[in-house]
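Mind docking chain B on chain A? Use the hints.
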Amino acid sequence: MRSILDRLGWRGWVLPLTLLVLAEAAMRIHPVESDALARPTDVLNALAQGIANGSVLRLSAQTLAAALAGLALGGGLGLAAGIWFGLSRAASDAASLSVELLRPVPSVALIPLSMLVFGFGFRMEIAVIAFTCFWPMLLLSQAAVRNVEPRLLEVARVLGFAWWERVLKLILPAALPRIFVAFRLCVGIALVVAVTTEIAANPQGLGYALMNAQQSLRPDLMFAMLLWIGLLGWGLGAGLLLLQRAWFRHSLAQQP
Amino acid sequence: MKTRAIVSSVSVSVALLALWGVIAKLEWISPIFLPGPAATWQSLSDGLRHGELLHLTLGTVERMAYGWALASLIGIALGALIGISPLLRAWLQPTLELIRPLPASAIVPVAIAFIGLSPAMVLIVIAFGAVWPVLLATTHGFANIEPRLHEVGRVLRLSPLAFIVKVGLPNAMPDALAGMRLSLTVSLILAIVGEMLASQEGLGLAILQAARSFRSADLFAGVVLLGAIGFVSNSLLGMAERRALKWKQI
Numbered sequence: 275m276r277s278i279l280d281r282l283g284w285r286g287w288v289l290p291l292t293l294l295v296l297a298e299a300a301m302r303i304h305p306v307e308s309d310a311l312a313r314p315t316d317v318l319n320a321l322a323q324g325i326a327n328g329s330v331l332r333l334s335a336q337t338l339a340a341a342l343a344g345l346a347l348g349g350g351l352g353l354a355a356g357i358w359f360g361l362s363r364a365a366s367d368a369a370s371l372s373v374e375l376l377r378p379v380p381s382v383a384l385i386p387l388s389m390l391v392f393g394f395g396f397r398m399e400i401a402v403i404a405f406t407c408f409w410p411m412l413l414l415s416q417a418a419v420r421n422v423e424p425r426l427l428e429v430a431r432v433l434g435f436a437w438w439e440r441v442l443k444l445i446l447p448a449a450l451p452r453i454f455v456a457f458r459l460c461v462g463i464a465l466v467v468a469v470t471t472e473i474a475a476n477p478q479g480l481g482y483a484l485m486n487a488q489q490s491l492r493p494d495l496m497f498a499m500l501l502w503i504g505l506l507g508w509g510l511g512a513g514l515l516l517l518q519r520a521w522f523r524h525s526l527a528q529q530p
Numbered sequence: 099m100k101t102r103a104i105v106s107s108v109s110v111s112v113a114l115l116a117l118w119g120v121i122a123k124l125e126w127i128s129p130i131f132l133p134g135p136a137a138t139w140q141s142l143s144d145g146l147r148h149g150e151l152l153h154l155t156l157g158t159v160e161r162m163a164y165g166w167a168l169a170s171l172i173g174i175a176l177g178a179l180i181g182i183s184p185l186l187r188a189w190l191q192p193t194l195e196l197i198r199p200l201p202a203s204a205i206v207p208v209a210i211a212f213i214g215l216s217p218a219m220v221l222i223v224i225a226f227g228a229v230w231p232v233l234l235a236t237t238h239g240f241a242n243i244e245p246r247l248h249e250v251g252r253v254l255r256l257s258p259l260a261f262i263v264k265v266g267l268p269n270a271m272p273d274a275l276a277g278m279r280l281s282l283t284v285s286l287i288l289a290i291v292g293e294m295l296a297s298q299e300g301l302g303l304a305i306l307q308a309a310r311s312f313r314s315a316d317l318f319a320g321v322v323l324l325g326a327i328g329f330v331s332n333s334l335l336g337m338a339e340r341r342a343l344k345w346k347q348i
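Sequence lines, in order, name chains A and B.
Take 275 as the starting number for the first sequence in the working numbering and just add one per residue.
Take 99 as the starting number for the second sequence in the working numbering and just add one per residue.
If you're looking for bench data, these hints aren't it; they were derived computationally from the structure.
Backbone N, C-alpha and C define an ideal beta-carbon position, used for all residues, glycine too.
So these bits of chain B aren't anywhere near chain A, every CB distance computed over 12 Å: (1) K123; (2) A136; (3) S143; (4) R147; (5) L156; (6) G157; (7) A163; (8) G251; (9) L259; (10) M271; (11) E299; (12) M337; (13) W345.
Footprint (simulated), chain B over chain A, 3 or more residues, beta carbon under 8 Å: (14) 367-378; (15) 467-474.
Here chain A stands alone, though its shape is the one from the complex (with noise of 0.2 Å):
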């Protein structure tokens, strides 16, 4: 990465920096009053105002705390019966027309339906981001376990270990490179899925701000939210990234 950062070099912001300038300078040659469009400078304004009166925060807070606690539902259960299935192939065998079939259901179709059951709030946001994030969960974690050297699961038997210290103790150290890359997936999922909640149905959170922006005819503070959402996403996956690479760098050297 870092060496085709350093390849790329300065030719890459040349684009998105000149297109920026371009669009400041000609709305400041020809003031538009839009419904779309917007001076980047007053989107950087309208961003650094809603973090500096603490409504950024706020929405942020409202977002994550949504996806992390469908994350951790929905991936929690997900990572259980991966386990589960990655260890016994009879169970998987026996669940996997149930989840081929329930699977393929699109996350946002659940929108209505959560809405249905909990109305507005965080509760029907948490379901739809739980049921989304279980399914990879559920696949990544047991394509890790059945990945873990079948040896250490000897070395169990001979111990006389009982399952849930053979979970503990081996199938999960060993497993648990592979789980992370799972974990970061699922965090970036959650985060789009929470955002496309709020778009769509929930009143809370960016989201919802973003719509809001747009619909009271404020471009300006639509693409500061929009920024937020990007910034928000790209630097929780680059953190977690960082994280993988500094714990698992050796046990995932052979992977990109």
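What follows is chain B alone, placed relative to chain A:
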């Protein structure tokens, strides 16, 4: 062994279905929220027979397919250009990397502001969101062409276009197809979100309206149909992928 796995997986699915029926029958969960399998089936078959549900399903499938086709075309074309030319890659890739992580649904408000609530808006949002998996995969496929193939192309004096069509595309096809499969899932999700937000006729809007008027059987029927669309489209593309890549497996 194989048949035992099939028998056990079918029986687990049937057991889950029966559990759903029992829960609904005993009304452990209020029937306002949870209709039984029978009620869902009733709503599904009525809706399909009298046309309304079929019409909505076709609307959603059409939206998904057009958006996906658009995304695939743009993704493969742009991916081929960026993948084949290191110069273009240096100028364009960072910009694309900046836009890519944005949640596609977050583009919806911006698209509404620019285009308004129209079918074209939904189509553009789908194309925008679904283009990334294809674009990345195709770029990767083109960037990793065996260097000796480049030499062969030079020796044969292939024009850049001929090189892309005759060497690059077949080479990038496995990657591109995998990306297209991923973007089909994204397309369905965005078609549903777009319908909900822009009030375009389709299953997405239908299930939202069913939830608002507490018609839970219709809501479940819609969710089942959307699941079926996801399942069928994914399986079809999986089959196409295996067929198209037969030459790769020796």
